[in-house]
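Protein chains in written order, with numbering that gives the first Met the number 0: chain A, 0 to 37; chain B, 0 to 227.
Rather than coming from a laboratory, the hints here were simulated on the basis of the structure.
This list has only true hints and no planted wrong ones.
In the SDA-like style, the derived pairs of lysine to any residue whose C-alpha atoms are separated by at most 20 angstroms in a straight line are: (1) 37(A) <-> 222(B); (2) 70(B) <-> 196(B); (3) 70(B) <-> 210(B); (4) 37(A) <-> 25(A); (5) 70(B) <-> 212(B); (6) 30(A) <-> 210(B); (7) 30(A) <-> 206(B); (8) 30(A) <-> 214(B).
So these bits of chain B aren't anywhere near chain A, every CB distance computed over 12 angstroms: (9) 51; (10) 65; (11) 67; (12) 71; (13) 105; (14) 113; (15) 135; (16) 146; (17) 159; (18) 164; (19) 176; (20) 177; (21) 182.
Heads up, the beta-carbon is just placed ideally off N, CA and C, and yes, glycines get one too.
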Amino acid sequence: MNYLYTAYSATWIIHLVYVGYLVRRYMRLRKEIGELGK
Amino acid sequence: MKPAFSILAILTAVLLSYGLYQALVVAPTDQLQGDVYRIIYYHVPSAWTAFLLFSINFVASIAYLVSRNPKADVLALVTAEVGVVYCTIVLVTGPLWARPVWGIWWTWDVRLTSTLVLWLIYVSYLFLRRFSSGGQTPVLAAALAIFGALDVPLVYFSIWFFRTQHPQPVVGGGGSIDPRMLHVWLLNWAAFLCFAGLVCWSRYRVEILQRELEEAQALQALLERNPQ
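Use the sequences and the hints to build the structure in full.
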């Protein structure tokens with residue numbers, strides 16, 4: 000069962016890390032666009 | 000946020016939750032492998048999602064080479080990146096399934112090796128996109144993607160044509176699977192497809208924003224250099 004839960008956890012962690020990367024990149028872009036508009 | 004995006008996000012959350020419940024609680028236990036076989040409900044849908052994304056990348060790359068349409072280039076980049084995410088899941092969950100069932104984490108047979116090569120090709124593609132700044136980068140990347148996509152059918156059909164440690168296909172390959180298992184399998188694939196669609200949509204928007212910002216910065220630099 001440990002292998003099963005590790006595999007499922009790993010899948011979710013990979014998904015969440017990528018989503019986190021996208022959100023951080025989006026926030027940084029919005030900030031840069033805001034600074035450019037000033 | 001567009002209403003369609005919100006609807007897709009809600010649908011994805013529902014499907015992922017229901018798929019997880021079905022995979023861990025409702026699907027019957029395998030007589031030979033026990034509960035560890037349930038890794039199949041994440042491992043195989045991830046592989047199929049990666050194959051689909053790399054196939055879209057292939058079509059978008061050809062479309063870019065033919066038309067030089069920047070939207071095709073963005074689509075190719077996005078599908079390659081999200082495809083690598085799903086291919087990574089395949090390469091992580093595979094050994095975690097192999098260890099208790101085969102007694103080994105990894106073996107250099109055709110299916111596993113070609114999957115690793117596929118991952119390396121698309122990681123190389125992303126490195127090329129990230130670190131090459133020449134104007135020909137999208138063209139070079141599209142050419143690499145076309146060669147990379149040739150590995151997709153090799154990965155898929157390798158277990159049909161070669162003797163491998165990896166099991167033979169139970170869907171579409173003459174094998175059989177309990178209909179209750181197939182239902183959970185397809186449900187999780189639908190959930191992964193929705194999630195991949197959502198992520199591709201977001202990544203596409205981020206890439207468009209990035210390119211707009213770079214254009215605006217270039218214009219600003221030009222105006223500062225030539226104020227009149």
